[in-house]
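Sequences are here, hints too, so could you generate the full structure?
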Amino acid sequence: MKSFLKSKGFREFLRIALALFIGLGLGFIITLFVSEDPINAYKSFLLGPLSRLNRIGDWLEESLTLILLGLTICIVFNASQWYIGVEGQMILGAMAAGIVSLYVPLPPAPRILLAFLAAMIVGALWGLIPALLKAYYNANELVTSLMLNTIALKLFEYVLKNFIMNEKSRSVSSESIGKEFRLGTFIPDLPFLHNIRELWIKQTSVTVMVYVVIAAVIVVYYLLYKTPFGYELRMVGINGKFARYGGINVNRAVIMSIMVSGIFAGLAGVHITLAIHNKLISNMTSGLGFEGINIAILASNNPLGVPIAGLLYGYLRAGSDVMERSSDVSRELVFVIQAMVLLLVTAERLLPVVRTRIAENQDSDNRNNGSKNAKQLKEEGESHVA
Amino acid sequence: MSLETVIRGIFSSLFIASVIRISTPIIFPAMGGLVAQVAGVPNMALEGIMNVGAFTGVMVSAFTGSIWLAILAGIIAGVLLALLLGVFHLHFKSDLFIAGLAANLMASGGTVFLLYIITGDKGNSSTVRSLSVPNVNIPLIKDIPFVGEILSGHPVFTYLAFFSVFLVYIFLYRTRFGTHLRAVGENPEAATTLGINVVRTRMIALAISGIFAALGGMNLSMAYLQLFQKEMAAGRGWIGIAAIHLGARKPVGVMLASILFGFADAISNQLGSLNIPSQLVQMIPYATTVVALAVYAIQQRQAALERMKKYQKEHIDSLAAEHQG
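As they're listed, the protein sequences go chains Y and D.
Under UniProt numbering, the first residue of the first sequence carries the number 1, and numbering increases by one thereafter.
Under UniProt numbering, the first residue of the second sequence carries the number 1, and numbering increases by one thereafter.
Misleading hints may appear alongside valid ones.
[Unchecked claim] Pairs of lysine to aspartate or glutamate, EDC-like flavour, derived with a Cα cap of 16 Å:
#, chain 1, residue 1, chain 2, residue 2
1, Y, K202, Y, D189
2, D, K122, Y, D321
3, Y, K161, Y, E175
4, D, K230, D, D121
5, Y, K202, Y, E12
6, D, K122, Y, D328
[Stated by the list, open to error] Partial list, computed: chain D residues near chain Y (C-beta under 8 Å):
#, residue
7, F88
8, F92
9, S94
10, I98
11, A99
12, M106
13, F113
14, S152
15, H245
16, N275
17, M283
18, V290
19, R301
The hints are simulated quantities; they were obtained by calculation from the structure and are not laboratory data.
Being a predicted model, the structure only gives us computed values, none of them experimental.
In this text, a Cβ means the ideal position worked out from N, Cα and C, and glycines have one as well.
Now the structure itself:
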């Protein structure tokens, strides 16, 4: 037990929990200032998503998108590629999935499969431009990927308005995708689950994407930690030069990290098209582009932490929607809280309570072992300098 | 409208004036970002600082009725956000890139949050009456036919933006502190041994980037338009960062890169009158950025290769000379 309390994982957990606590506390203070009825506003924010079945559904749906985006960023950040072209990959993936589901004359099952495939391929290919520029010419992937996000969004709007848009509908959107071509509910059709299944279908649209997301988490974990590809990718992430001298093909690792991540951004696109909106509609991805970064950072770039972080931020986002509808506080509060948490989580020196306690524990350990490892020495050195 | 009108439009004085006007809100954040980048602390929060500056300027001008107070408040707000970034990076050891993104998130969420509280609207601030900075008509020059239309009659900020290029150049290359700042960016350890306070220097560099980015934001909300809109910077902060790369981290180069983007933007505005789908036309500035970055990166790589070859050749030559001798 004692060793568990001192483990790195637990320390991380404590740090993140504290950051969240401070972030939410700050949110409450802001609410106190701006709301007529701060207690109820904050209550609807914190408890709202659980208050009704359809809200639980909203929360889970939102979280599935966020988890996929988190996985996307997790892959590129593990390779230390500051690539944030997720939004572009997602919107084009959504477009590909939507076009296949709307127009390709195939029976439901193969059509849905093709939609998945198309979105994954398009997501990966859209990453190719910044990936090649970065790998071969060292062009800043951050800027190129951001610019390509805007280009992808404009491309989507262009295709939507000129080729897909349903003339009769008032909003800029396609026709609804046929019921049989959407994703089914995630609860299997078993006799004893029948009633629950009916209830969930009626009130929510949580789909089989749940299983796809679970599989995706496992695949990314396996990919990063159990395959040569993942090893190379992480080595490049830790030290590119070292990796090159170690015989790793850095260019290939960089390109592959961005393209493989695009597959998962494409999946997120499938989810927003075939499960959430059930059609292609203007501004489908609004505000989701950077969420992946929040989640990957909260999960310390560990794919197994991504679902937890995704569910958490999905919960906060769903809660902020409930709060906006039932009180005078607008949902943008959640961005301020998220930003605060992001700052606190990455602040290595902050949250000293945790650090000193751990340091004390380690000190006593060291005395017992009579040796210090290099990292502790370095940390001590840093604290002396400070 | 025909292509001919568009082409005629491009060669008119109004078009050149519009390039100047559109370049202004890119030059500001680019100059700020340049100072921070040269000091070794690339500021990724330029976009957010622009939004905060734009918002604060509009609100303070609406409630105090003083344009100068508004500009001052906008600058202070921008500097505060930049310093928040600095405190988290330099003192609490946050990753600068992530902290910058967090600052952006805070800025875009926070401005809309406050906008809703103050005006009851989430889209823009049109319900409050905010002010705009005066336009400057330069005496004598304004009467010269073609040149006058190009150079005269712009908002104060536009002249300030181009003047700031000169200021940043002088600051970085002709002042003691600027030299320290570059030293800190080149090699912080060496600078420390010379007694330069790295943390303080970088903090000041970030604050300066905050001033410029806030001015860029206010140029949007108090000159370009006379109100604040949600996400007003609309990617200009990021384009500014692209301009820093493209301009090889030199003030004049960065200014020229900014003007290139202004030019692409102005072209896309002109083409908007043609029968081309607007979404495709709107891609032009962003596509230009990507292409320009790619071309620049390819050139850099080739220059590096050539240097390497030259060095190798010299090395082999000198070895051969030794052998003979």
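To see whether the hints hold, each was checked on the structure:
For the suggested pair K202 (chain Y) and D189 (chain Y), the alpha carbons sit about 14 Å apart, so the restraint of at most 16 Å is met. For the hint pairing K122 (chain D) with D321 (chain Y), the CA-to-CA distance comes to about 14 Å; that is within 16 Å, so the pair holds. Between K161 (chain Y) and E175 (chain Y), the direct Cα distance comes to roughly 12 Å. Compliance with the 16 Å bound is thereby established for this hinted pair. Between K230 (chain D) and D121 (chain D) the CA atoms are separated by roughly 10 Å; this keeps the pair inside 16 Å, and the hint holds.
Pair hint K202 (chain Y) plus E12 (chain Y) does not hold up; C-alpha atoms about 40 Å apart against a cutoff of 16 Å. Taking the CA atoms of K122 (chain D) and D328 (chain Y), the gap is about 13 Å. The hint holds against a cut of 16 Å. Because the smallest distance between the Cβ of F88 (chain D) and any Cβ of chain Y comes to about 5 Å, under 8 Å, the interface hint for this residue holds. Nearest Cβ of chain Y to the Cβ of F92 (chain D): about 4 Å, under the 8 Å cut. The hint holds.
Look at S94 (chain D): its Cβ gets to within about 4 Å of chain Y, closer than 8 Å, so that hint holds up. Because the smallest distance between the Cβ of I98 (chain D) and any Cβ of chain Y comes to about 5 Å, under 8 Å, the interface hint for this residue holds. Interface restraint check for A99 (chain D): the shortest CB-CB distance to chain Y comes to about 6 Å, inside 8 Å, so the restraint holds. Here the hint on M106 (chain D) is kept, as its CB sits about 4 Å from the closest CB of chain Y, short of 8 Å.
Annotation: interface hint on F113 (chain D) holds; nearest CB of chain Y at approximately 4 Å, less than 8 Å. A least Cβ separation of about 33 Å between S152 (chain D) and chain Y goes past the 8 Å threshold, and the interface hint is therefore violated. Below 8 Å, beta-carbon pairs count as interface contacts, and H245 (chain D) has one with chain Y at about 5 Å; its hint therefore holds. Hint status for N275 (chain D) relative to chain Y: violated, with the closest Cβ pair at about 12 Å, above 8 Å.
Here the hint on M283 (chain D) is kept, as its CB sits about 5 Å from the closest CB of chain Y, short of 8 Å. Annotation: interface hint on V290 (chain D) holds; nearest CB of chain Y at approximately 5 Å, less than 8 Å. The beta carbon of R301 (chain D) comes within 5 Å of a beta carbon in chain Y, closer than 8 Å, and the hint placing it at the interface holds.
When each numbered hint is compared with the structure, violations occur for hints 5, 14, 16.
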